[in-house]
Structure formats: structure tokens, C-alpha cells
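Chains as they are written, first to last, in numbering that gives the first Met the number 0: chain A, 0 to 267; chain B, 0 to 418; chain C, 0 to 154.
Among the hints, a few may not be true.
Stated by the list, open to error - In silico contact screen, one side only, chain C against chain B (beta carbon under 8 Å); selected entries:
id, residue
1, Lys8
2, Gln12
3, Ala30
No lab work stands behind these hints: they were computed from the structure. This structure is a prediction, so every number in the text was calculated from the model and none was measured. All C-beta atoms in this analysis are idealised placements derived from N, C-alpha and C, irrespective of residue type, glycine included.
Next come the chains, spelled out residue by residue.
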Amino acid sequence: MSENMTRRSVLKNLAGIVGGILAMPAARTCKAAVQNVLASSGAPKGYDPFQHKWLMALDVDRCIGCGLCVEACKAENSVPDGDFRTWIERYVITKADPASGKSRGETFVDSPNGGIGGFKTSLIPKEDILKSFFVPKMCNLCEKSPCSQVCPVGATFESPDGVVLVDKNYCIGCGFCIQACPYGCRFLNPTTHTADKCTLCYHRITRGLKPACVEICPSQARIFGDLKNPVPNDPLQAFIANNKVERLKQNLGTNPRVGYAGLDEEVR
Amino acid sequence: MDATILTNLAENVPQFEGYVYPNERTLHPLWSTLIVVYPYITGLVAGAFIMASLVRVFKVKALEPIYRLALLTALSFMLCATLPLLLHLGHPERCFEIMMTPHFSSPMAMFGFVYAWYLMAVLLLELWFDYRRDFVEWAKTETGLRGIIYNAFTLGVTDISPPALAVDEKMGRIISVVGIPSAFLLHGYVGFIFGSIKANPWWGNVLMPIIFILSAVVSGMALCVFAYMFLCWARRITADMRCLDLMTSFLFYALVIDATIEGLDWLHRLYSAEEGIEVLRNLAAGKLFYTLLLGQACLGTLVPLLLLGSLQLLRKKVSELNRRRAYFTSTALILVGVLAMRWNVVIGGQLFSKSLRGYMTYKLEFAGAEGWLLSMALIALPFIILTVLIKLFLARELPTIENVVPGATPPPKAHPATA
Amino acid sequence: MDKLARFFKMPPQIIRLVLLTIGIICCYFTARYFLVPPSFGEFGHYRGDALQMIASRQPFWAGKASCLECHSAHADKLAKGDHKTLSCETCHGPGREHVENPVVKLPKLDVSLCVRCHEANPSRPKWLHQINPHNHYTGNLCTECHVPHSPNDVP
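Based on the provided sequences and hints, a complete structural model is requested.
Here it is as C-alpha cells:
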């Protein structure tokens with residue numbers, strides 16, 4: 000009885016080992032087939048993300064509110080109607096009523112269709128306006144981005160070269176990152192059903208081109224550069240050297256890298 | 000984006016008052032009714048389990064009649080918990096990613112593991128250890144599909160000797176003890192999802208996980224009372240008043256703690272009046288007037304507090320029938336009130352812009368993926384599952400200890416062959 | 000089962016559960032082997048391939064540099080005046096088709112383009128030359144008095 004069991008158990012073990020060895024190539028082929036859906040290879044060819052650190056800065060005093068940047072971004076990145084990877088806000092601050100003892104009156108903010116098509120003249124009469132200006136908005140390239148912190152699967156991340164990107168083949172569309180962004184720069188793309196946002200035109204900057212909004216802006220309100228590889232007469236270095244810079248919602252601790260020159264206290 | 004919204008964006012559409020970030024101008028809130036239903040369901044699970052653990056861990060004998068019912072309630076809601084999430088995802092077919100490559104800095108990544116742990120290692124295990132003896136016995140006496148089910152659930156272990164049963168008892172207690180923090184984790188992480196969003200002043204604060212857990216416990220306990228009363232009514236038997244009185248006592252004290260912490264949250268907000276308080280105050284008094292002030296605060300909290308509280312003091316003077324009516328009303332109000340609370344947190348947090356300058360209005364649709372028909376169906380589904388579970392595991396005809404199943408027949412005398 | 004139970008000195012139901020747990024954990028790790036993408040974790044908690052995927056999109060705007068390859072004369076003129084901050088495509092529209100095949104010409108421009116930036120608006124900064132299109136000139140073309148490539152000159 001015990002002899003039969005020993006022989007049987009040995010044969011069983013042998014069969015198991017042989018089966019395992021035979022199954023390995025099959026398992027590997029299976030794995031390759033399954034992962035083909037998600038695979039290709041490595042970083043962009045010839046481009047080392049660790050050698051660059053991209054940054055965009057915004058000069059509020061140079062923005063004329065033409066809205067061409069928003070249109071350029073839309074064309075470049077096929078941004079769906081009603082969603083915005085970048086947009087322009089108009090702030091109109093009215094004069095204070097002297098009796099109120101305040102220094103400023105009310106602030107009115109608007110962004111009609113994100114600024115696409117420009118801005119019609121404000122309904123607020125000119126004589127009531129204390130000051131008014133345009134502010135371009137975009138992803139703030141946070142160092143401690145709350146969006147990538149809360150992504151449950153690792154579909155949105157900070158790339159080594161300083162851009163916050165979304166892997167649309169991996170995103171499950173839960174919307175947590177969209178809720179977590181304090182700057183409102185993310186949206187759910189109705190076509191891909193994934194989170195979407197400004198990519199700093201990653202496909203352009205890795206080829207030595209400028210982001211579409213920077214390219215098209217007529218007044219150099221958007222300044223772009225590579226902090227690790229400054230060029231001669233680098234506009235970004237000049238901006239950093241010559242301007243006092245403010246960042247948005249710094250109290251939240253997201254360490255946004257995008258700096259605004261000439262930012263007013265009313266801008267959120 | 001809808002074309003009508005697009006053409007109206009140039010002017011101020013009444014749908015968006017003040018200034019709303021362009022990306023916030025959507026037809027529906029990003030996290031809609033489905034995300035209201037999910038914390039409601041997991042909250043009921045956690046609360047029902049706490050009620051059951053009062054029997055096992057704190058040895059409250061008077062609550063034994065509802066022990067199995069509470070666990071089965073927790074199970075039936077737990078089985079449905081993933082549905083609202085799956086239906087809400089942009090890519091539900093990629094849902095496995097949350098368990099394959101969980102990003103541990105994200106509270107949402109906890110979901111896969113916490114859910115699996117709680118379902119398998121806590122709920123199913125505790126149920127199994129409690130029912131194991133009955134499975135073995137019922138497998139012998141029941142025939143047909145039921146017999147197969149009971150047989151399958153024995154997992155092939157047929158030892159029901161006293162030492163084996165002692166092991167079951169011990170394991171059940173250990174799991175109950177482990178289950179309490181697990182229940183807090185199951186629902187607490189949902190509260191933490193909201194509490195961690197510093198971008199949103201309505202959500203991102205330290206009391207959010209605590210409030211979620213406390214209201215979950217309250218809702219789960221209310222559900223147990225409600226289900227027990229309903230089951231007794233359906234079976235035309237009288238509910239055990241001692242059990243009911245004690246359950247509602249615990250419910251009352253839980254509600255007191257819950258109301259205190261929620262009140263503290265509001266008190267602190269109003270007192271410290273940080274940036275955004277104007278927006279939030281207008282939100283609470285305006286858009287959320289009916290659901291927050293009337294629904295959650297008055298009907299869902301104050302009225303049950305008064306009802307249950309006065310019964311705590313005047314129990315002797317109130318007749319059984321009136322007490323039962325009061326309990327039924329209170330628990331129904333609490334259940335609706337906690338749903339209103341989830342609504343106020345989830346939807347309320349998306350009714351104002353992060354620019355703190357504007358508000359959004361959304362239309363609640365009836366049908367469709369964002370509609371309330373689907374959400375009602377998702378809340379109704381666990382009750383259907385509970386009915387099936389009751390028929391299988393709490394059936395009146397099944398022989399078991401009488402006071403553990405409302406209205407059950409007492410166990411048969413020992414069979415001569417097994418004596 | 001009894002042999003195992005006696006061997007480990009554990010009750011049979013516990014053994015059964017331990018085996019089940021081990022089975023579930025094995026299933027989990029097998030699933031991981033198949034389902035985690037190969038480049039995941041290369042640079043951080045994300046698919047390394049995603050960088051390549053995102054970077055592989057085709058650019059839409061050609062960029063001023065590619066215009067300057069052939070139209071350097073215009074570029075020199077532009078660089079001397081106030082419009083030096085403009086890119087060619089800001090006014091002339093997307094130029095990629097023309098760069099790839101110079102036979103393809105870009106569409107003629109409309110004066111609404113000039114007004115787009117130069118219409119007076121109280122929100123616009125003071126350094127910008129702004130005009131009221133209704134009062135400034137009631138003729139047809141801005142180009143009758145202004146040269147877009149060197150706006151400080153007259154035609």
C-alpha cells in the first residue's frame with residue numbers, strides 16, 4: 000500500500016515538474032499577448048527626460064486677452080469643445096464708493112468660452128473700472144502635485160523633466176485627480192473617458208519646438224524654457240531675473256512652479 | 000459638452016452664477032449620484048457590523064436575536080458595494096489596475112485591498128464560523144439546490160464536535176475584534192478620500208473621515224433596527240422589545256456623538272471663518288437648504304434625537320406599540336438623513352467653484368448613467384439580496400437556536416444515530 | 000485533511016481556510032505577472048512607455064523657426080519692429096502643410112485679425128496700441144496705412 004503511494008506520489012511530482020517546464024513558454028507567450036495591449040518601449044527616442052526641466056512662466060502685464068493661445072492649444076491637442084487645457088480669465092475691479100471707506104470695489108471675473116474668440120467689451124461701464132487685466136491660466140506644474148498624489152493606479156504622474164502628464168491608456172477615469180487639482184486645470188475628456196490636462200505640449204517640446212500657446216502668443220505673455228539648458232538670451236532666465244513672481248494658492252502646499260509676474264491679489 | 004451651454008457661455012448662464020472655472024462648467028457633477036450611493040452602502044455595512052460585534056465582542060446578550068440578521072445585512076450591502084464605482088468609472092474594464100498597481104499615496108488605492116480584506120477575511124469568515132455547524136446539519140437534512148448550497152459552504156469540513164465548535168467560537172470572537180477596526184477602515188478611507196482633497200474647502204478637513212465613520216455607524220445601526228422590525232412584521236411575530244430597546248439606546252448614543260462632531264465641524268468653520276466661508280455659508284443656506292438644513296439636520300438628526308432621547312427618559316411611560324412606532328419612524332428618518340448627508344458632502348462639494356467666486360447648478364436626471372433611477376436601483380438591490388440570504392440562512396423552517404433567528408423553530412432533538 | 004490537521008496540530012476548518020488563503024494569494028500574484036504592464040515603475044509609479052506614447056503625437060503648428068528657413072527676409076523686417084514678438088502662424092494660421100509642400104499656399108488674411116488684438120478694451124494693458132475700429136478708420140483695409148511686418152513704417 001505504502002509502496003504504491005510512494006510510486007504514485009513520485010510519478011505525480013515528476014508529472015508536475017515536467018508540466019511546469021512545458022507551461023512556462025506557454026505562460027510567457029500568454030503574458031506577451033496580454034501585455035501587447037499596454038506595451039511599446041522606453042522614453043522618447045534620443046530624448047533623455049532627465050536632462051531637461053521645462054518651465055513656463057506668465058507675465059500678466061503682457062497678456063492682451065486675444066485668446067489666440069486657447070485656440071492654438073485646442074487645434075494642437077484636439078481639445079474637445081467646452082474643455083480647456085488653458086484659458087484666459089478677465090478680472091475687472093471696480094472703483095470703491097468713497098463712503099464705504101474701502102480701497103477697491105467689487106471684483107468681476109469672467110472667461111467666456113475660456114477666451115476663445117477674444118473678449119467682448121465688459122458690460123461694466125468704463126468709468127467704474129479701477130483696474131482690469133487678463134490672466135492666462137494653465138497647469139501650474141506643481142512639484143508636489145496633489146493630482147499625481149491621489150491617482151489610485153499611477154496613470155498621472157510628474158515626468159522627470161517637470162511636466163505633469165496623464166497616461167490615457169492606463170487612466171481608469173475615476174476623476175480623483177480632477178477633484179484634487181486646486182487650479183481647475185483638469186477635465187474628463189468625453190472622447191477618451193480619461194482625465195485630460197495641459198501636457199506642456201510634451202510632443203512638441205521633446206522635439207525642440209515650443210508649446211503651441213507660447214508659439215502663437217503675440218505679446219510674449221507666456222515665457223517658456225529649459226531650466227537645465229538655458230540658451231543664450233534665454234527669455235525664461237531673463238523673466239526670472241527681472242520679475243517679482245507670485246504663485247497661485249501657495250497656502251495649499253502644492254509648490255506650483257509656474258510663476259506669475261504682475262499678479263493681483265484678487266486672482267485665484 | 001452640450002451645444003446650448005457653449006453658445007450661452009459668452010453671457011452669464013443662470014446655470015453658473017458668478018465665476019466658475021471653465022473646466023467646471025459641466026452638465027453633470029463629476030462625482031454624481033453613484034458616488035453618493037457608494038459611501039452610503041459601505042457605511043451601512045460598517046454600521047451593521049458594529050451592531051453585530053456588540054453581541055460578540057461586548058457580549059450584549061440581549062442583542063442576540065439580531066446578530067445573524069446584522070451580519071447578513073452587512074454582507075448583502077457589501078456584495079453590492081463595488082457596483083456604483085464600476086458604473087461610474089470612465090474605463091471599468093481597467094478596474095483591475097487598482098489592485099495590480101495600487102498607488103499607495105492615494106486613499107482610493109486602498110479600496111481594492113480593504114474591500115477584499117473586509118469581505119473575505121472579516122464578513123465571510125465570521126459568518127462561516129457562526130454558521131458552520133448549521134451548514135453541516137442543514138446539508139444533511141435539506142435537499143435540492145439548498146442542500147447543494149449548504150454542502151458547498153461547509154467547505155468539506157464536517158467536524159462539529161464540541162472542541163471544533165469551541166474553535167469556531169474563539170475564531171468568531173477574534174474576527175469580530177479585528178473586524179471593528181476593519182469596519183472603520185472600510186468606511187474611514189472613503190471619508191479620507193474627501194478629507195484629503197485640500198483643493199476643496201467643503202471636503203478637505205480633518206473631521207471628514209470621523210464624520211463619515213460616525214454617520215456610518217449610526218446608519219448601519221438604524222438599518223439593523225429597521226430590518227429587524229420589518230422582518231418581524233413580515234413574519235407576523237412580535238419583535239423582542241428588550242432587544243429593540245437596547246438597540247435603539249445604542250443608536251441614540253451613537254447619534255449623539257455623530258451630531259456633536261458634525262456640529263463641531265460647522266461651529267469650527269463658522270468661527271475660524273477662513274477664506275471661502277462666504278461661499279460655503281451661501282451654499283448651505285441656499286442650494287443645500289432642503290437637503291442640509293431640513294433633510295440632514297432637522298429631519299435626519301434633530302427629530303430622531305428628540306424622539307429617541309425622550310424615549311430613553313420616558314420608556315416606562317410609553318406603551319410598546321408607541322415605542323415601536325417611534326423606533327420605526329426614527330430609524331427611517333435617520334436612514335434618509337444619512338443619505339442626505341452623503342448627498343450634501345458629495346454633490347454639495349461640487350456645487351461651488353474652486354475659484355470661490357461662483358456656483359454651479361445641475362439638473363438631476365431620472366434615467367441614464369447619472370440619473371437617480373440607477374442610484375435607487377443600486378440601493379434597492381442589497382435589499383433583494385438580503386431577502387434571498389434570509390430565505391437561505393435565516394429561514395423560519397430552518398432548525399436553529401430559537402433566539403438567534405426571529406421566529407425560527409427550535410433545534411430538533413439529537414438524532415439517535417449521531418448520539 | 001485529517002492527516003494534515005494532525006500534522007500541523009490545527010483544527011481541520013483552519014487548515015481548509017489557510018489553504019484557501021494561500022490559493023487566493025497565488026491567484027493574485029499570477030494575475031500580477033500577466034497584468035502589470037512591462038514598463039511600469041521604470042521612472043516612477045507609472046508606465047515608462049507613457050512618455051514615448053505622449054511624445055509621439057504629431058505637432059500641428061509648424062513653429063516660427065521652420066518659416067524662417069525660407070522666409071528669412073520677412074523675419075529680418077519683423078525683428079526690427081513692434082511685431083517682433085509675433086510668430087508667423089499667429090497671423091497666417093497653421094503653416095505645416097505649406098512647410099511640407101511649399102506649392103500649397105496659405106489662405107489670404109482678413110482684417111478682422113488686426114482688430115482681434117488691437118481693438119480697444121479697458122482690460123488691455125496700456126503698452127498695446129489700441130484703436131476703436133468704428134472711429135479709427137472707416138475704409139476697408141488696415142494695410143492701406145499700416146505694414147503688418149513692420150508696423151512702425153508706412154506703406
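Cross-check of the supplied hints:
1. Lys8: 12 Å, violated
2. Gln12: Holds, about 5 Å.
3. Ala30: Hint holds; Ala30 (chain C) Cβ to chain B Cβ min 7 Å, cut 8 Å.
Hint compliance for this structure: hint 1 is the single one not met.
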